[in-house]
Structure formats: C-alpha cells, structure tokens
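If you read the sequences in order, they're chains A and B. Start counting the first sequence at 1; every next residue gets the next number (this note's numbering). Start counting the second sequence at 1; every next residue gets the next number (this note's numbering).
I should point out that these hints are in silico values taken from the structure, not numbers from a laboratory. Yeah, the Cβ is synthetic: ideal placement off N, Cα and C, and Gly gets one too.
Label pairs and their calculated CB-CB ranges:
#	chain 1	residue 1	chain 2	residue 2	range
1	A	M1	B	S103	40 to 50 angstroms
2	A	D39	B	Q29	33 to 43 angstroms
3	A	H26	B	L55	13 to 23 angstroms
4	A	V2	B	S103	40 to 50 angstroms
5	B	S2	A	I76	46 to 56 angstroms
6	A	N64	B	E94	23 to 33 angstroms
7	A	W6	B	G43	34 to 44 angstroms
8	A	H56	B	P7	16 to 26 angstroms
9	B	E28	A	R45	24 to 34 angstroms
10	A	P16	B	R31	28 to 38 angstroms
11	B	R31	A	E4	22 to 32 angstroms
12	B	S2	A	E80	45 to 55 angstroms
13	A	M1	B	K100	34 to 44 angstroms
14	A	N19	B	S95	19 to 29 angstroms
In silico contact screen, one side only, chain A against chain B (beta carbon under 7 angstroms); selected entries:
#	residue
15	P46
16	L47
17	L54
18	K58
19	I61
20	D70
21	L71
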Amino acid sequence: MVTEAWMVSEIQKIVPDANIEATDLHGSGDHFHVRVVSDSYLGVRPLQRQRPILNHFKPYIAQNIVHALDLKCMTIEQAESTLDTAFDPHSEKKTEFFGVHIRREKKE
Amino acid sequence: MSFNWTPDELQEIVTNNPIVLFMKGTPEQPRCGFSNRAATVLGQLEEKWASIDVLSDPRAIPSICAWSDFPTMPQIFINGELIGGSDIALEMYESGELQKMISESSSE
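Working from the sequences, and respecting the hints, build out all of it.
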C-alpha cells in the first residue's frame, strides 16, 4: 500500500515541472487516479506522455502494489478545460460506464 | 490448434483486425471497470472491433504486457499500433481523435 503523497513524489521525478494531483480512489492505497499537468506534454501523443510514468511504476504494477493507475496527462490548456476526471473502476455504484467523466448524451 | 500468446501470434491478431481490445472479461461481461470503460468507448464507434479476454488463459496478461511493453490492461490497438489503455481511449474519443484515426484508416 502506498500513499497519494508517494505517488506524487514518484511522478515528480519523471515529470519535474508538472502539477500533480493523485487521488486514492478507495482509501486502500492501490487504486489511483492521477492528473499530471505539464506543458512538456505539448505536441506529445497520449501514449508517449504516459510511457515514462508507466515504465517507472512497472515493478509496482507487476507486484500488484499498485493495482489500478488511471492517468490523465494534460497540457495546462487541456487541464483548464477538463474539470473532474476521476474514474473509479471498481465503484460499487452503477455508473454510466464512464464514471463521472462522460459528457455525452446516451444513444438509443 | 493451440494459441500460445507468442509475439507472432499477437502480432497476427492486431494485423488482421483494425481495432483490437485486449480486456479482462468480455464486452458483455467485463471483469474490470477499466476494461468496461474501454469496451464502452469502442462500442460508441461505428466500426466493428475485436476483443480478446485476457482472463481466459493465465499466460495471456504476462505475454501481452511483455510483447506490447505496456504494463496494464486493457490495451487498445488500432491498425496494429498500441494507442494505450482506457484512459487514453476515452480522452481520444472525447477529443474526436479516435474517430478520426479510425475513419482515416478505413478509407485507406
């Protein structure tokens, strides 16, 4: 089990100029949603933004110390237009699939 | 014929299917919130897509993660290229980038 503060400090090593907010989704220290906001992401594709962070956490993910890591890597401009992004994959509540993140009318 | 999750076999899947989702469970019965989110995003698209249940065989997850060099499930491939997990899929869907990527590839 790890903490939000640990998560932030580990990611800070990878993206030093970022503004980072980690949310422990269950209070269980293994499901995290993390917002990483940095202009170093300008012009970088989504997967390439995540790769360095995922590589860093690979051993923790493999040992299931970190079970879920939902990343939102954004530029400052993107972050300003994207408010709440937390998504809980194991929520008890029956959410509309996208958790709180969906901004779209349901088809049908 | 047996399937052994070798890099060649995995490569063949993503080469033969323009959109592939490696997920925990099935789109009808997802076994993880992130997989559910990824399947739901793909379900919004007009195109057909293939899904592979990585819980169907204990060898699946370690083999796929080693092959794609991506530590978590689900994983989405478009035209043989890994685009990322459910967080990236949703982000690209909301920005319209995912639809653009798929429509460009199907008109090739």
